[in-house]
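Protein sequence lines, in the order shown, are assigned to chains Z and V.
Quick note on the numbering used here: the first sequence kicks off at 7 and runs consecutively.
Quick note on the numbering used here: the second sequence kicks off at 5 and runs consecutively.
Derived from the structure by calculation, the hints contain no laboratory data.
Glycine included, each C-beta is placed from N, C-alpha and C at the ideal position.
Check before you lean on any hint, since a few could be wrong.
[As the list claims (entries may be wrong)] Derived DSBU-like pairs (lysine-lysine); straight-line CA-CA distance at most 35 Å: (1) Z/K35 to V/K69; (2) Z/K95 to V/K63; (3) Z/K188 to V/K63; (4) Z/K130 to Z/K188; (5) Z/K95 to Z/K130; (6) V/K63 to Z/K130; (7) Z/K95 to V/K69; (8) Z/K60 to V/K69; (9) V/K63 to Z/K35; (10) Z/K173 to Z/K130; (11) Z/K130 to V/K69; (12) Z/K60 to Z/K35; (13) Z/K173 to Z/K95; (14) V/K63 to Z/K60; (15) Z/K173 to V/K63.
[Stated by the list, open to error] Label pairs and their in silico Cβ distance ranges: (16) Z/A47 to V/R41: 34 to 42 Å; (17) Z/G166 to V/A73: 21 to 29 Å; (18) V/A99 to Z/A19: 37 to 45 Å; (19) V/T105 to Z/S74: 57 to 65 Å; (20) Z/K60 to V/L8: 34 to 42 Å; (21) V/E31 to Z/L18: 52 to 60 Å; (22) V/E31 to Z/D131: 31 to 39 Å.
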Amino acid sequence: MDQDLELLHRCLAGENSAWEGLLSVYTRKIYNLCYRFTGRAVEAEDLTQEVFIKIFQTLQSFDAAQGSFSTWLHRVARNHLVDHYRRTKKDRMTGSIEDDLDTLVERPSPGAGPIGHLEERERKDQLQRALDRLSPDLREAVVLRDLHDLDYVEIAQVLGVPQGTVKSRINRGRLELARVLKRMEGMRGPAEAGSEP
Amino acid sequence: MTHLEIENLASDYLEGLLDPSLRSTVEAHLTGCAACREMMGDVRHALELCRAAEDVEPKPWLVSKILMATIGEREPTWVERVIAFLRPALQPRVAYPIAMTVFTFSIIVNAAGLNLRSLRFEDLNPRTWVGRADRQGHLMIARVEKFCYDLRMVVEIESRFRQLRGQPQGQEEETPKPAAPAGGSSQGAPSDRTMAANEGAWFEVAARSEPALPTIGNQPASTKVGRSQIP
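Could you build the full structure based on these sequences and the hints that come with them?
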């Protein structure tokens with residue numbers, strides 16, 4: 007983290023290469039966070055770009071005493087994602103969850119193809135679709151904990167809620183995720199069975 | 005312990021955060037409750053799926069897009085500018101003529117005797133260049149001639165010395181030969197006599213110009229050979 011602070015100081019001193027260094031370290035993480043929230047690569051790219059523009063503009067407001075740069079970056083990204091979620095709520099309501107599930111069922115069976123990475127890709131898509139079913143509060147807690155490996159303290163700082171709330175959200179999120187995954191697999195099972203001769 | 009309590013402790017149980025007594029209580033409940041066991045298995049599966057999920061790779065140009073949106077197009081460093089400026093000149097078809105031009109120019113400058121650090125107005129006149137080049141050429145030719153002459157002189161002197169030093173030994177070696185014809189060395193081959201006469205002639209010339217040379221082997225040179233002995 008000292009490296010982050012050093013890069014940050016150099017960046018504040020006007021050194022462009024330091025900003026490039028920060029971007030090279032955190033672009034992937036923030037992009038993944040955005041992708042897990044939106045489930046769409048193009049949207050995640052735009053959101054990542056917007057997050058870093060915001061970070062660049064508010065770089066001077068970072069206070070090392072309140073947490074690490076990584077935590078601050080995640081908090082800014084999370085707030086931006088929440089704003090984006092609220093902004094696009096109406097757009098999303100036009101799409102049906104059942105439509106998405108149908109498209110998932112219509113996908114080819116993982117065992118049908120010989121290529122293993124297709125199965126892996128299928129699992130990733132399945133996880134992403136399951137995460138999309140969670141409410142934003144539960145989703146962000148699960149994503150930060152289980153996909154970004156942040157500890158409870160960091161998540162509490164990012165979300166701005168007590169640790170107890172974080173633990174509760176993570177637990178409920180996992181339970182909900184397990185139910186969604188089970189339901190999706192249950193829906194796919196009969197479809198696969200029906201496709202077999 | 006109720007089903008709801010087991011649900012609330014599911015994450016802590018799977019992450020190993022429960023104290024041993026509570027853990028054993030949960031395990032005891034799971035042993036007797038198929039629904040909770042199934043629920044715990046589902047959560048474990050979801051957790052494993054999340055932990056096994058790899059990062060999604062962003063597009064390679066994403067960082068460039070962000071850089072463009074934040075700091076704009078990056079200012080190239082002076083090294084990058086110089087390289088960019090020289091890049092066309094580094095192509096062989098351009099580099100060769102440039103090198104030849106520089107080489108030719110350096111020859112002309114050298115031949116014209118120009119000092120680029122202190123150029124004067126008359127240095128820019130081509131007539132001055134021609135005059136200096138002519139002078140430089142003549143000087144160079146004169147130096148080369150002098151050098152060749154000096155070199156020839158040195159080689160001749162060395163060879164003469166070698167011959168003069170080798171002659172007495174040769175005579176001593178020839179004297180004890182039984183097959184030698186009567187009359188001794190005075191009746192020798194004409195080539196020997198010619199050589200000795202030439203040596204004498206040269207040595208006489210050398211003695212006039214160089215007073216240190218005449219005595220060789222503690223004898224005056226004039227007593228050994230002389231111009232009068234030339235056939």
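Consistency of the hints with the structure:
Annotation: proposed proximity of Z/K35 to V/K69 holds, straight-line Cα distance about 16 Å (limit 35 Å). Proximity of Z/K95 to V/K63 is assessed by CA-CA distance (about 26 Å); at most 35 Å being required, the pair is judged to hold. With a C-alpha separation of about 32 Å, the suggested pair Z/K188 and V/K63 falls inside the 35 Å cut-off, and the hint holds. With a CA separation close to 15 Å, the supplied pair Z/K130 and Z/K188 stays within the 35 Å bound.
A C-alpha spacing of about 24 Å is found between Z/K95 and Z/K130, which places the hinted pair at or below 35 Å, so the restraint holds. A hinted pair counts as satisfied when its Cα atoms are at most 35 Å apart, and V/K63 with Z/K130 qualifies at roughly 18 Å. At roughly 27 Å between alpha-carbon atoms, Z/K95 and V/K69 fall within 35 Å of each other, so this suggested pair holds. A hinted pair counts as satisfied when its Cα atoms are at most 35 Å apart, and Z/K60 with V/K69 qualifies at roughly 14 Å.
Note on V/K63 and Z/K35: the hinted pairing holds, with a Cα-Cα distance of about 13 Å set against a maximum of 35 Å. Pair hint Z/K173 plus Z/K130 holds up; C-alpha atoms about 25 Å apart against a cutoff of 35 Å. The straight-line distance between the Cα atoms of Z/K130 and V/K69 is roughly 27 Å, inside the 35 Å bound, and the hint therefore holds. A threshold of 35 Å between alpha carbons decides the hint, and for Z/K60 with Z/K35 the separation of about 16 Å falls inside it, so the pair holds.
Distance hint between Z/K173 and Z/K95 is fulfilled; the C-alpha atoms sit about 26 Å from each other, no more than 35 Å. For the proposed pair V/K63 and Z/K60, the alpha carbon gap of about 20 Å is at most 35 Å, so the pair holds. This hinted pair checks out: Z/K173 and V/K63 have alpha carbons roughly 34 Å apart, not beyond 35 Å. The hinted range of 34 to 42 Å is satisfied by Z/A47 and V/R41, whose Cβ atoms lie roughly 38 Å apart.
For the pair Z/G166 and V/A73, the beta carbons lie near 27 Å from each other, so the given range of 21 to 29 Å is met. The hint said 37 to 45 Å for the Cβ distance between V/A99 and Z/A19, and at roughly 40 Å that hint holds. In this structure the hint that V/T105 and Z/S74 lie 57 to 65 Å apart at CB holds, the actual value being about 60 Å. The hinted window of 34 to 42 Å between Z/K60 and V/L8 holds, with their beta carbons roughly 41 Å apart.
Taking 52 to 60 Å as the suggested C-beta distance range, the pair V/E31 and Z/L18 conforms, at roughly 53 Å. Take V/E31 and Z/D131: their Cβ atoms lie about 34 Å apart, and the range 31 to 39 Å holds.
Comparing the model with each earlier hint shows no violations; every hint is respected.
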